[in-house]
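Engineer: Residues per chain, in single letters:
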Amino acid sequence: MAVTVILPGSLKDWFDGTDEVSCRPDTLGKCFEDLAARYPVFASKLYDEQGNISNLLIFVNGDNAAKGKWLATPLADGDEVGIIPLAAGG
Amino acid sequence: MIIDDPNSHFIFLFHPNIYSGEKYTIYNGKEMTNAQVMEYWGKWLVLARRERLDELAAKLDRFVEARLIPCIKYDRRPSQNLGMEECVMMVYCDFRKRDQVWTLLKKQGVKLKAWVTEKETMQLWMPGSPLLERWMESKGLDGPTKELVREDAGRRLKHIMENPDEIFSPWEQ
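So the sequences go chain by chain: A and B.
Per my numbering, residue 102 is the first one in the first sequence, and the count goes up by one each step.
Per my numbering, residue 9 is the first one in the second sequence, and the count goes up by one each step.
A few of these clues could be false.
[As the list claims (entries may be wrong)] When the alpha-carbon atoms are kept at most 25 Å apart in a straight line, the in silico DMTMM-like pairs for lysine to aspartate or glutamate are as follows:
(1) A:146 x B:145
(2) B:121 x A:134
(3) B:105 x A:181
(4) B:114 x A:180
(5) B:119 x A:120
(6) B:119 x A:181
(7) B:119 x A:150
[Claimed, not checked] Just some of the chain B residues that point at chain A, by a computed CB distance under 8 Å:
(8) 53
(9) 85
(10) 87
(11) 91
(12) 92
(13) 94
(14) 96
(15) 120
(16) 121
(17) 123
(18) 124
(19) 128
(20) 132
(21) 135
[Claimed, not checked] Computed from the model, here is a short list of chain A residues facing chain B with C-beta under 10 Å:
(22) 108
(23) 162
(24) 167
(25) 172
(26) 186
(27) 187
(28) 190
Read the hints as simulated data drawn from the structure, not as lab findings.
Predicted model only: the values in this text are computed from it and were never measured.
All residues carry an ideal CB built from backbone N, CA and C; glycine is no exception.
Bound conformation, chain A alone (with noise of 0.2 Å):
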């Protein structure tokens, strides 16, 4: 099994057009570090000018995963890693 990261349609661009991808359990950083490596636009849309993830929302098992070292979130076999574009929590 592995973590399975549910995109909406918007973000497909990102992906290689999918709105699914998985990544090894880990912590959430490494998951983004793997994602990174594997899709070069989801790479250069992650951070922003200050090189903080800050336009994106990131849900992991539908609950908001971004308060405090929220990097470091361990992610197990089964779990859902979700994101969406900031603007859409508002």
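Position chain B relative to chain A; hints supplied.
Structural biologist: Okay, now just chain B, sitting in the frame of chain A:
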């Protein structure tokens, strides 16, 4: 009941009793206080094209009528001024009933699971937040007007925080 007023950016789904003054921020038959809303209220987010959300709204309306979902709103068009390419549907409910509501959404084919609390939403729109600043910029507001908007947002949030036992009043949309 689907309320589709072309003059509004949002399309709403409410129980018809909203017109007789019934609030939708209710838990176990009691109107929720500001403190309860801050602790428990939130929404599932669904991002999709407008046509898909229209279809979804038509299917979810019966759950709103049956009071299984307190209310729903979704964009008439993508908020391009905020960089959005898709419309967003917000399916509101109490945290204690969110799993029940998620089951209804999943049965309609919603895959991406994204829960945002009311508290998190307010933090996204608090004075100085990137979202509020981007929205004001997109509206072309001048400096003094921006400051008025920041003050108003700050005043509303302060009122909610300082009056925890007051019955919650939703913001005008």
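Engineer: Evaluate each hint against the coordinates.
Structural biologist: We went through each hint and held it up to the structure:
Between residue 146 of chain A and residue 145 of chain B the alpha-carbon distance is near 21 Å, which keeps this suggested pair within the 25 Å criterion. About 22 Å separates the Cα atoms of residue 121 of chain B and residue 134 of chain A, which keeps this hinted pair within 25 Å; it holds. Simply put, residue 105 of chain B and residue 181 of chain A have alpha-carbon atoms about 20 Å apart, close enough for the 25 Å limit, and the pair holds. At most 25 Å may separate the alpha-carbon atoms for a hinted pair to count; residue 114 of chain B and residue 180 of chain A meet this at roughly 16 Å.
About 10 Å separates the Cα atoms of residue 119 of chain B and residue 120 of chain A, which keeps this hinted pair within 25 Å; it holds. For the hint linking residue 119 of chain B to residue 181 of chain A, the alpha-carbon distance of about 10 Å falls within 25 Å, and the restraint holds. With a CA separation close to 31 Å, the supplied pair residue 119 of chain B and residue 150 of chain A exceeds the 25 Å bound. Annotation: residue 53 of chain B was flagged as interfacial toward chain A, and the flag holds, the nearest CB pair being 6 Å apart, inside 8 Å.
Hint status for residue 85 of chain B: violated, given a least beta-carbon distance of 14 Å to chain A, over 8 Å. Annotation: residue 87 of chain B was flagged as interfacial toward chain A, and the flag holds, the nearest CB pair being 6 Å apart, inside 8 Å. The restraint placing residue 91 of chain B at the interface with chain A holds, with a minimum CB-CB distance near 6 Å, inside the 8 Å limit. At its closest, the beta carbon of residue 92 of chain B sits 5 Å from a beta carbon of chain A; the interface hint therefore holds under the 8 Å criterion.
Nearest Cβ of chain A to the Cβ of residue 94 of chain B: about 5 Å, under the 8 Å cut. The hint holds. At its closest, the beta carbon of residue 96 of chain B sits 5 Å from a beta carbon of chain A; the interface hint therefore holds under the 8 Å criterion. The restraint placing residue 120 of chain B at the interface with chain A holds, with a minimum CB-CB distance near 5 Å, inside the 8 Å limit. At a threshold of 8 Å, the smallest CB-CB gap from residue 121 of chain B to chain A is about 4 Å, leaving the interface hint in force.
Taking 8 Å as the C-beta contact cut-off toward chain A, the hint placing residue 123 of chain B at the interface holds, the least distance being around 5 Å. Of the supplied interface hints, the one on residue 124 of chain B holds, with its beta-carbon coming within about 5 Å of a beta-carbon of chain A, less than 8 Å. The closest approach between the C-beta of residue 128 of chain B and any C-beta of chain A is roughly 6 Å, which is under the 8 Å cut-off, so the hint is satisfied. About 5 Å separates the beta-carbon of residue 132 of chain B from the nearest beta-carbon of chain A, less than 8 Å, and the hint is met.
For residue 135 of chain B, the interface hint is violated, the least distance from its beta-carbon to any beta-carbon of chain A being 14 Å, above 8 Å. Look at residue 108 of chain A: its Cβ gets to within about 7 Å of chain B, closer than 10 Å, so that hint holds up. Here the hint on residue 162 of chain A is kept, as its CB sits about 7 Å from the closest CB of chain B, short of 10 Å. Of the supplied interface hints, the one on residue 167 of chain A holds, with its beta-carbon coming within about 9 Å of a beta-carbon of chain B, less than 10 Å.
Because the closest C-beta pair between residue 172 of chain A and chain B is about 18 Å apart, greater than 10 Å, the hint is violated. Taking 10 Å as the C-beta cut-off, the interface hint given for residue 186 of chain A holds, the closest approach to chain B being about 6 Å. Because the smallest distance between the Cβ of residue 187 of chain A and any Cβ of chain B comes to about 7 Å, under 10 Å, the interface hint for this residue holds. Interface hint status for residue 190 of chain A: upheld, as the beta-carbon distance to the closest one in chain B is roughly 5 Å, under 10 Å.
Hints 7, 9, 21, 25, counting from the list given before, are not met by this structure.
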